[in-house]
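Chemist: In the order they appear, the protein sequences are chains D and G.
Heads up: the first sequence begins at 1 in my numbering, then just goes up one per residue.
Heads up: the second sequence begins at 1 in my numbering, then just goes up one per residue.
Treat identical chains as interchangeable: a pair holds within one or across any two.
Quick list of in silico lysine to any residue cross-link-like pairs, SDA-like style, CA-CA up to 25 angstroms:
| no. | residue 1 | residue 2 |
| --- | --- | --- |
| 1 | Lys-262 | Phe-160 |
| 2 | Lys-262 | Pro-165 |
| 3 | Lys-215 | Thr-312 |
| 4 | Lys-14 | Leu-69 |
It should be emphasised that the hints constitute simulated quantities derived from the structure, not laboratory data.
Note that the structure is predicted; figures quoted are calculated from it, not measured.
There are 2 protein chains.
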Amino acid sequence: MSYPLDDTHDPKLKSWVESANDPATDFPVQNLPFCVADRAEEPGETDPRICVAIGDQLLDLLEVSSAGLLGADDGDIAMALQFETLDDLASLPTDDRRRLRMRLVELLTDKSDDLRSDEELVGVALFPRAGAELLLPFEVRDYTDFYASVYHATNVGSMFRPDNPILPNYKWLPVGYHGRASSIVISGSPVRRPMGQLLPGATIEDGPPAFGPCKLMDYELEVGFYVGRGNELGRSIPIDKAEEHIFGLCLVNDWSARDIQKWEYQPLGPFLAKSFATSVSPFVVPLEALTPYRCRAMERSSDDPRPLPHLTGDMDRETGGIDLKLEVLLASAEMRKKGIDPIRLSSGNLKDMYWTIAQMLTHHSSNGCNMRPGDLLASGTVSGPKRESRGCLLELTWDGDPFANPPVSKPGSARTPLKLPTGEERKFLADGDEVILRGYCERDGFRRVGFGECRGVVLPAGD
Amino acid sequence: MSYPLDDTHDPKLKSWVESANDPATDFPVQNLPFCVADRAEEPGETDPRICVAIGDQLLDLLEVSSAGLLGADDGDIAMALQFETLDDLASLPTDDRRRLRMRLVELLTDKSDDLRSDEELVGVALFPRAGAELLLPFEVRDYTDFYASVYHATNVGSMFRPDNPILPNYKWLPVGYHGRASSIVISGSPVRRPMGQLLPGATIEDGPPAFGPCKLMDYELEVGFYVGRGNELGRSIPIDKAEEHIFGLCLVNDWSARDIQKWEYQPLGPFLAKSFATSVSPFVVPLEALTPYRCRAMERSSDDPRPLPHLTGDMDRETGGIDLKLEVLLASAEMRKKGIDPIRLSSGNLKDMYWTIAQMLTHHSSNGCNMRPGDLLASGTVSGPKRESRGCLLELTWDGDPFANPPVSKPGSARTPLKLPTGEERKFLADGDEVILRGYCERDGFRRVGFGECRGVVLPAGD
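Work out the full structure, taking the sequences as your base and the hints as a guide.
Modeler: Shown next, in the form of structure tokens:
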């Protein structure tokens, strides 16, 4: 079910777009992530185009298609490339998408001279990534957020329920909830600190809530995946077919207001603590590009229950994981003013998730819920067992550590601030802070496949 | 902030569409709810048209507009009527919508002869509601479900937390959660019983979950409201402006799988227990039509906290309630086979909600979350203080009654089945059961304003 290795993964492939051959680039010809760039030249106009990233350039696929270089028998692809988002392209059969990928690799390497030899076309279709205005790649009609890192769930659970951090359902099903689609924004969009109801103390006994700016603003490092082909309402997606319904992956920052969340979330879950903004990276890395980085799903311990049959697939166990390295960086306003580079707060890996992306999608549709092309499913905070692999400040500045030996499980309020190079301290985000997520896959014998960045600066609350 | 009484509410207005003058009709000329009907004549084609209901007829507004009867200065309205859903119409300024309403009342009464005198146009534009194929009126890009009935929350809370049924946040903010937009279906669509993970006993201690058909399938009687004009991300909607952002109301059946819900819902809220289907009625009653039925918001007791200032509006307290009578009816497959009419299971009233629709919308946007035209917000189960006003089977067949004097607060499992005329019994829904929601406003000196029906038959689980 995961895609086999093929010619498009060959590390010896070189592109005539020279920057794509730089070993440090996120975007070699083996990657070819999709994005949507606004190519309008006049202010006030928009001209969104579906592109792939190649080195430090973007390739406008509508121009390539209009020049007839994608093959006369690919009418569906040509049609899909005329839209302003990837929704239609994602809905095509996986064979169509693989054929498009193969053809783009040909056109960008010496396997074909069709594009390279047409200087005029290259002049129109290829343009610098730097300065390009990137848009939301999908419309995203439904957004779902999971909670698939057992390390994250254990850390957070330990703060609020030290004796019982992991609820009984956690290891039986991928816990998730519906998110807000309207407030998904593209990387680079500033994010306003939300207002909300906050308690002055630990509980209502300490005084009534007041309405004011969130004081405990946080990021969450997540990986998202977009649905490709959907399923009909009332029909589920079997685990062995799940990856055929996944188009590609991106980085997600699930901004969170911890004080709003604590007061509002029972009994129906997070709501306004999350719905003020969710940032996504502009590049959608196709699942096909990740084949060299597939790995075993996280091993269950002997104490853990076996997943139920509908969530168990042989292939999913063997290759359902993804060895995707992730980083969070922070630059305060003062750091940026003084020209100090962002500092790394943490690094994690998607392979540390308790549930695979196929298990999340299959579970989501197991009640017959219909998925549509462009629906976004996010992993939940990616945290690992170590302190430096904690994917949000709620965990990162917390003094407890249930994975230490012996465990250190302190109440939620005991925190040690992070120190920034300017001498500033952070338990949670301050206005002006810029959060930067990065992701990339690396393995000996294969080219690096990068996800680019997902950025956002915190604006002060209020109008 | 709620709309004033005007000529369109005059009970003496008569329409030349005779069926609209029947005192029992849901759709007098004082109502004029919007819907979308497919007028395609060839199989396989679609031709969705925005209509209003008038008596037993529908009036195709595109035909009326194309004939030039809506006024030359109404280009925005004419444009909005060309779309296949109400999204664009809802996004217009409230003055535009009120002008359209005034004009339609003129055209359908003796205030104007413009439509009535054009027999050819009437022949094309006016067609029978019976047999019309009604579609989803909005695209609904985000769907939010609240929990605004304190009676519902107290009943449900009493089942699971007899000593502490209402959580501390309940009376400070309208608790809500994001729902699934993709599985919203129009009244009349069959609803397949979901599969899901079910525990064999009360807790995991009694045995591990198994995957199978939901055994405790339920409906929830709710009222939905659609957003008209939206708000920009990062900007909230003040309580005194909230109703200007509400287009109209409908009936909602928030189908629920109680056994799936109980196992999955902690800590992030309901997910697959709800996302398999949500049914909406086809008619959207404009807020303007409900003016005669506005009433005081539910009175707080002296023990209840005052809502915080951003959720407090003088007008909202005076007229934020809506005296909307609601009913749930049931017809089993056997009843239908034997020609037995549906029986009424319960009746409630939207005025019994603890939070007003303006409070729900203002709360939702209070963190800067952006609302878009056509977003659906639902009230949560409408239950009242009496046994016969309980809006779902979870409450209706439960033996406890925290509002009785003295209270009868039994654990969640003690249930007495409902008896159907066929001798069948129901604690929860059986395959083949049809659930029918109805809603209407009545008041001496005014015409009845009805919501029509929201129907759905339960199909067996599986493919």
